[in-house]
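Undergrad: Starting from the structure of chain R, add chain E where the hints point.
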Amino acid sequence: METLELEMKKTAENKVENISGSEAVLKALIEESVTTVFGYPGGAIMPIYDALFDYDGHLNHILVRHEQGAIHAAQGYARTSGDVGVVFATSGPGATNLVTGLADAQIDSTPVVAITGQVFAHLLGTDAFQETDVINITTPVTKWNYQVTDATEIPAVLAKAFYIAKSGRPGPVLIDITKNAQLQKFDYKGYEKCTHIRSYRPKPIIRKTFVEEAAKLINEAKKPFVIFGQGVILGRAEQEFKAFIEKGGLPAAWTVLGLSALETDHPLNVGMLGMHGNYGPNVLTNECDVLIAVGMRFDDRVTGRLDKYAKQAKVIHLDIDPAEIDKNVKTTVPVWGDCKETLPMLTALIEEKQHTDWLKRFNQYTKEEVELVINKEMHPDAAEMTMAEVIDSLNELTRGEAVIVTDVGQHQMIACRYAKFVRSKSNVTSGGLGTMGFALPAAIGAKYGAPDRTVVAIIGDGGFQMTLQELGTIMQFGAEVKMLILNNNFLGMVRQWQELFHSRRYSFVDIQSPDFVTIAKGYGITGRSVNARKELKAALKEMLDHKGSYLLEVMVGKENNVFPMVPQGCSVSEIRLK
Amino acid sequence: MKQEYTITVYTENQVGLLNRIAIIFTRRKINIDSLNTSPSEVESVHRFTIVINETEEVVRKLCRQIEKQVEVLKAYYNTNEEIVWQELALYKVPTEIIAEEVKVERLLREHGAKAVVIRKDYTVFEVAGHREETDNLIKVLEPYGLIEFVRSARVAIIKDSAGFHLKLKEFEAADPGEDAAENEFLNRQEEVFTM
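Line by line, the protein sequences give chains R and E. Mind the numbering: the first sequence is residues 1 to 578 in this note's numbering, read in order. Mind the numbering: the second sequence is residues 1 to 195 in this note's numbering, read in order.
With the rest of the complex left out, here is chain R (with noise of 0.2 Å):
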């Protein structure tokens, strides 16, 4: 340790270094403030993994138990930090593991940096041992992705990956390094952070004229409806949306990446957009007269059917992306740029206003939905416990503090509806990818980009056994992850499908369960399953007040349904409560 302290020491002193391709990686994460890295060894990553055996106290290496772990864990990390995640993984299988969490990613607008080894250059094309086509396999599911087969071009090649993976939109960026250049000596003359490539730019100019247009609109609006996604978050933009809204007297409801970036109870704050999203939003989505979207993209799951969607509605669309102007839905006003720039010239130029009658709309739906949906949820007659029931016990305990890390299905629909918030980069899922197997590895990265946080992971029956061998990750460092599985015993939201548009051919839905408890017993982890509703919230407070990492398990009825929900190839008005 000492040694490498007096090396860095000696860096700064005298310029020129020569120093290996391996080491010159490092130094890179050291300079761009990196403290966590996930990854796996193996043949062609070793002389990277060699140097790092040096860095042990300056960098946080996190051996998982599948590449996929590693890289959903860096996902995990980078949202909940702000940050970078950061993964290592090896040529071949390391690398083609990665490729299901950076199209995650890359869909999320997660900003990840993976470097994977490549076998020696002399050896590319040749169907050498674990050697693939890394490069071509990424292209389409990385912002950026280059491989390196001199040494010399490491510092600029991990300046740019950095830089490329967390600037504008963020993005996934994959960094793929022959052997050869992670053991090459080159003279290593430090390292630059790289703030402009020509070819690339991250932030739009705002023009002014835009933001004009789009604050008279807003001024005009009668029944205006705000729509935020994750882009209030990525840029870091929490407070100037708040503003903004409560300038405007603005409703405002949020897609499932864009949760947490408000809290819950914020008097404007009207629910959830999308399938499974709350009435209100959906209904008076094809009512507003001023539909204003904030850093989310319009997915198909929001939107339902396009050429239903807000016909009737000037719509203002705030984006730093200009590829999301008009992709999917047509904009009368495009505010592209930085919303952290942008919100506040918009609220400086609306009128401080309050929709009072407008908002009470929303309101009546929510009454609506809470009579007919929700109060069965949350109170069932049934002696089975309901997902939403649970999740509303987990809220009276973490009073909104906690991170919620969820999976995919039903109970992420759920927790998406019922989990509250009081503070942002509070709800990890995947959204976009819907990847089953994220919530457990994404709870431990989280755990590391939140260390003074509780980090709930709520994951379904299906999608725990398809990730569950990341609990040896747990053991082996320690990350307090609180794992509340919601057993069904059913591939859930599939199993709904086919109970509302299959005809209730149940085919391959019904999943068995290994018992959970002692699986994480196997691994050193405290645990307990209850299926009494008497039992939960003891449970659910053990869980959370136990030191170190917990499993529980909640027995769930087997064949719930999230609702509401607008069915596919739907309009958001003909949305289902039943």
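Be careful, since some hints might not be right.
Said to hold, decoys possible - Derived SDA-like pairs (lysine to any residue); straight-line CA-CA distance at most 20 Å:
| # | chain 1 | residue 1 | chain 2 | residue 2 |
| --- | --- | --- | --- | --- |
| 1 | R | K327 | E | Q65 |
| 2 | R | K242 | R | N219 |
| 3 | R | K160 | E | D160 |
Unchecked claim - Quick partial rundown of chain R residues pointing at chain E, CB under 8 Å, derived from the structure:
| # | residue |
| --- | --- |
| 4 | I137 |
| 5 | P140 |
| 6 | W144 |
| 7 | K166 |
| 8 | S167 |
| 9 | V329 |
| 10 | G548 |
Stated by the list, open to error - Chain R is nowhere near these chain E residues, computed Cβ spacing over 12 Å in every case:
| # | residue |
| --- | --- |
| 11 | S34 |
| 12 | L35 |
| 13 | I66 |
| 14 | E81 |
| 15 | E82 |
| 16 | I97 |
| 17 | A115 |
| 18 | V116 |
| 19 | D121 |
| 20 | L146 |
| 21 | K159 |
| 22 | F171 |
These are calculated hints, taken from the structure and not from any lab test. All of these numbers come straight from a predicted model, not from anything done at the bench. Don't be surprised by glycine CBs; every beta carbon is placed ideally from N, CA and C.
TA: For chain E alone, kept in the frame of chain R given last:
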């Protein structure tokens, strides 16, 4: 309405960029009719010329996706009226036939064909022109024993373009002008943002 559009993309010269651009089309199952890469008027800047048959809306979206790529400087799209373009075609025919048939000689002259190679056994002609022109000559030569035919991708010059020299300067500046910072098409608000 679908029609032929020529997309001109100015890029950095990097391995893998061709694939990054190509998959923007293949992912949407759009067939590329012709694709050419070449140097541009600016040293170190490459120029892709891509021809597709699509509606303007689709082409506009494709251009935005192309511009989103880190190494792409700019993407333009134009209709055939807005460009000057050429394709080069080569025809290999048996020398004995064309040497004897006067009619063939006249046909070749009519089509502006130029002999590139003349050998005892065969002759290679080249014709530069639009698709119809080069296609026509295939039909004409077929009865005379056309041995081989090949046509290049389209190369095109945008009539209303001042070249890329000045633009590049803007791109190189850390604090660019509006034009460099944004998608060209978004400048034409009236045309683009119609409800």
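Undergrad: Each hint: holds or not?
TA: Okay, the hints, checked on the actual structure:
Simply put, R/K327 and E/Q65 have alpha-carbon atoms about 10 Å apart, close enough for the 20 Å limit, and the pair holds. With a C-alpha separation of about 17 Å, the suggested pairing of R/K242 with R/N219 holds against the 20 Å cut-off. A C-alpha spacing of about 35 Å is found between R/K160 and E/D160, which places the hinted pair above 20 Å, so the restraint is violated. For the restraint placing R/I137 at the interface with chain E, the shortest Cβ-Cβ distance is roughly 11 Å, beyond the 8 Å limit, so the hint is violated.
Annotation: interface hint on R/P140 holds; nearest CB of chain E at approximately 5 Å, less than 8 Å. Satisfaction of the interface hint for R/W144 is found here, the shortest Cβ-Cβ separation to chain E being roughly 5 Å, below the 8 Å cut-off. Nearest Cβ of chain E to the Cβ of R/K166: about 13 Å, over the 8 Å cut. The hint is violated. Taken as an interface hint, R/S167 does not check out: its beta carbon lies about 10 Å from the nearest beta carbon of chain E, beyond 8 Å.
Against a cut-off of 8 Å between C-beta atoms, the interface hint on R/V329 is violated, since the closest Cβ of chain E lies about 11 Å away. Below 8 Å, beta-carbon pairs count as interface contacts, and R/G548 has none with chain E, the closest being about 43 Å; its hint is therefore violated. Annotated as non-interface, E/S34 keeps its C-beta farther than 12 Å from every C-beta of chain R; the closest such distance is 22 Å. With a minimum CB-CB distance of about 17 Å to chain R, E/L35 clears the 12 Å threshold, and the non-interface call stands.
Not every Cβ of chain R is farther than 12 Å from the Cβ of E/I66; the closest lies at roughly 9 Å, contradicting the non-interface assignment. Distance to chain R confirms E/E81 as a non-interface residue, since its nearest Cβ pair spans about 24 Å, more than 12 Å. At roughly 21 Å from the closest C-beta of chain R, the C-beta of E/E82 stays outside 12 Å, upholding its exclusion from the interface. Non-interface call for E/I97 relative to chain R: holds, since the shortest CB-CB distance, roughly 44 Å, exceeds 12 Å.
In this structure E/A115 is separated from chain R by more than 12 Å, as the shortest Cβ-Cβ distance comes to about 40 Å. No beta-carbon of chain R is positioned within 12 Å of the beta-carbon of E/V116; the least distance is around 34 Å. Distance check for E/D121 against chain R: the nearest CB is about 38 Å away, which clears 12 Å, and the non-interface claim stands. Distance to chain R confirms E/L146 as a non-interface residue, since its nearest Cβ pair spans about 37 Å, more than 12 Å.
With a least beta-carbon separation of about 25 Å from chain R, E/K159 lies farther than 12 Å from that chain, consistent with its non-interface assignment. With 12 Å as the threshold on Cβ separation, the claim that E/F171 sits away from chain R is violated: the shortest Cβ distance comes to roughly 5 Å.
Of the hints listed earlier, those the structure fails to meet are numbers 3, 4, 7, 8, 9, 10, 13, 22, in rising order.
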